[in-house]
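*Asks:* Top to bottom, those sequences are chains A and B. Per our numbering, the very first residue in the first sequence carries number 550; after that it's consecutive. Per our numbering, the very first residue in the second sequence carries number 254; after that it's consecutive.
I should point out that these hints are in silico values taken from the structure, not numbers from a laboratory. Treat each hint with caution, since some may be false.
[As the list claims (entries may be wrong)] Computed cross-link-like contacts, DSSO-like style, restricted to lysine-lysine with a CA-CA straight-line distance of at most 27 Å: (1) B:529 <-> A:835; (2) A:929 <-> A:728; (3) A:835 <-> A:728; (4) B:362 <-> A:837.
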Amino acid sequence: MTALTGCLGGGGGGSSGPVRVGVLSPLSGAWTVYGEAHRRGFELAMQEVNDNGGINGRDVEVIVEDTQTDPSTVTEKAQKVIRQDNVDVVAGTFSSASRNAAAPVVTQEDKVLLYPTFYEGQDQENFPGTCNDLLFMFGIVPSQQAAPWMDYMTSEHGSNFYMVGSDYVWPRFTNQRVKQSLEELGGNVVGEEYIPLGTSDFGSVLSRISNSDADIVFGTLTGTDTIAFAKQFYSRGLNEEFTYWTVDDEEFATQGKGPQAARGTYVSFDYFQTIDTDLNNQFVDKVKSQYGEDAGMDTVGAAMYNAGHMFANAANEVGSVNTDDIISGLEGQSFTGPQGEVTMREQDHQMVLPSYLVQVPDDWSDTNDFEGMFEIVDQKESVTPATANCDFPLGKGN
Amino acid sequence: MIDFASIISQTLFATSILIVAALGLAIIFGMMGVINLAHGALITVGAYVAYAVTNAGLSIWAAFLVAPVVVALVGLVMERTVINRLYDRPVDTLLATWGFALVIQELIKVIFGTSAQSVPNPYSAPVEIMGANLPQYRIFLTALAAGLLVVTYVTFKYTDFGVKSRAVIQNDEMAGLLGTDVRSIYMWTFMIGAGLAGLAGAAVAPIVGADPRTGLGYLVQSFFVVIVGGTGQLLAGTLGGSGLIGGSAAALSFVSSQTFAQTVVFALAIVVIRLKPEGLFGGT
Chain A
550 MTALTGCLGG
560 GGGGSSGPVR
570 VGVLSPLSGA
580 WTVYGEAHRR
590 GFELAMQEVN
600 DNGGINGRDV
610 EVIVEDTQTD
620 PSTVTEKAQK
630 VIRQDNVDVV
640 AGTFSSASRN
650 AAAPVVTQED
660 KVLLYPTFYE
670 GQDQENFPGT
680 CNDLLFMFGI
690 VPSQQAAPWM
700 DYMTSEHGSN
710 FYMVGSDYVW
720 PRFTNQRVKQ
730 SLEELGGNVV
740 GEEYIPLGTS
750 DFGSVLSRIS
760 NSDADIVFGT
770 LTGTDTIAFA
780 KQFYSRGLNE
790 EFTYWTVDDE
800 EFATQGKGPQ
810 AARGTYVSFD
820 YFQTIDTDLN
830 NQFVDKVKSQ
840 YGEDAGMDTV
850 GAAMYNAGHM
860 FANAANEVGS
870 VNTDDIISGL
880 EGQSFTGPQG
890 EVTMREQDHQ
900 MVLPSYLVQV
910 PDDWSDTNDF
920 EGMFEIVDQK
930 ESVTPATANC
940 DFPLGKGN
Chain B
254 MIDFASIISQ
264 TLFATSILIV
274 AALGLAIIFG
284 MMGVINLAHG
294 ALITVGAYVA
304 YAVTNAGLSI
314 WAAFLVAPVV
324 VALVGLVMER
334 TVINRLYDRP
344 VDTLLATWGF
354 ALVIQELIKV
364 IFGTSAQSVP
374 NPYSAPVEIM
384 GANLPQYRIF
394 LTALAAGLLV
404 VTYVTFKYTD
414 FGVKSRAVIQ
424 NDEMAGLLGT
434 DVRSIYMWTF
444 MIGAGLAGLA
454 GAAVAPIVGA
464 DPRTGLGYLV
474 QSFFVVIVGG
484 TGQLLAGTLG
494 GSGLIGGSAA
504 ALSFVSSQTF
514 AQTVVFALAI
524 VVIRLKPEGL
534 FGGT
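Next up, chain A with everything else stripped away, as it sits in the complex (with noise of 0.2 Å):
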């Protein structure tokens, strides 16, 4: 039956023939850089599960699709991927905003969504679409990002955090989450602003911190927004007055900010190029070797290759790519990633990752230089993230 459907739909999403992935990846507009360690991470991982025999001894074919930084253009690519290239799973998105456009999509086909940006995560009163069986979520959330590394920040650098966000969903979640924890260790907020995206001035902004007793600069600006701050945070000498600790901030953004802007910035993620493991080194040496000595990895591109590798890993096990068996297949999956040990839990289909607090060196200078970007402070091997804010059983589509 499942193969007559498969002829029937032209070929594809049958059980002969190849498997198929539909990657959905911003490779034009705002967020085209993610957009490309993105689609090479998942493209490295299906590569390695090709030359390793496919899934259940079939190839995997990858449709990558633009969807230009615009929910909107995500939905009609997700429309495309399902129906006209029948896709067994569909993988990417990037921003809160393009995964929330997808997510009905695939509820309504009926197909698995691996996401793998850092995000505020679930929370079935503010997005009801994010509590889906259907939603794989490998990338880091504020409680595994932010949350361990509280303690360390404050004990280190003071309590007074003044926060800076651009102005849209994550930066505001992510902040309440982190207002929790620092209420618990007794520290307070001295400062809370949200920006509009695309701002390119901070200077009362930057005149208002100067002003507060601020010890920690806790930073959730994102885009370009984030390099300009930060430029102009080091013209006013901010950094020697303050501690700054971004969220944001991954390879990336931190060599648009360049040496001198970023020298001293605290950031943290699951994920960075600089994590010194055989299996790290070789992932590395990988990109490099199929995208040019200049391409480079973050968190997403990380999380793209885990989500790669375990859905094939799930699939081989359960012997099938149907979404039901897929789900689960990835439900309690575990894998060592570049970043390390990482289990995607069966409850919130969210990923338990390791978490990385970060420093970049004074002997920084080369913006190419993603190895030596980053220093590690310290290291948590693997942090569960808080329950999703879900109703249980996830369920399809609520």
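Chain A is fixed; fit chain B onto it per the hints.
*Replies:* Relative to chain A, chain B alone:
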């Protein structure tokens, strides 16, 4: 507590950066009437020239000389190939220049990649003036804005070239009959506008970086500056427009959130355009 010096200086800084960014558009759109949607892309090219120059080990100051020349040459190509055929069809310049903008943006990605690149700031420590810590580079930008504004104004108002340029733009047939080389005047005026956009790109790069979309934000703001200030009003229009769009947003953001300040300013701009469609300083 926010001190008065901070408010004044930040308002001044925000105004001056918009003057630098909008001046090229004030010439190409304000004076010549070409709806130059490639203005942002030209600023981006300037920012990348600054990146290329500093990345090659040269000082950022060298970029201030190289960027306007390179971008003026880009302007030359635009003007000679397409724009010069469209001077009597201003609405069509909108599409043509947007086409150039897309081509330029994609070429930048091909040459420099998609990620943001860093351009170093030539100054490190800020200086303290009346209790406020002021970044030296922004002080320099304010001086640059004032200088550029005056030089450009004097060029177009009093020099031989400027008088010819204004004559050609006003009535090219008549100017041609009087022996002015219309083609060359148009070309040079467009190149000066483009070169100023290139200089703007190099000037903002140390404080915002260089990425394929650097100029886009300035594109919208620059159009607001020129329209609100009044098209054709090089000195007063650019100054007034920049003050209203950039300066008042900066000043307001000291007493409200940045989001609110920007909203109020754009609402204010709409009110100005409604009540005075020719702009603050435009008209007869």
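*Asks:* Sort out which numbered hints this structure fails and list those numbers smallest first.
*Replies:* Violated hints (numbers, rising): 1, 3; every other hint is consistent with the structure.
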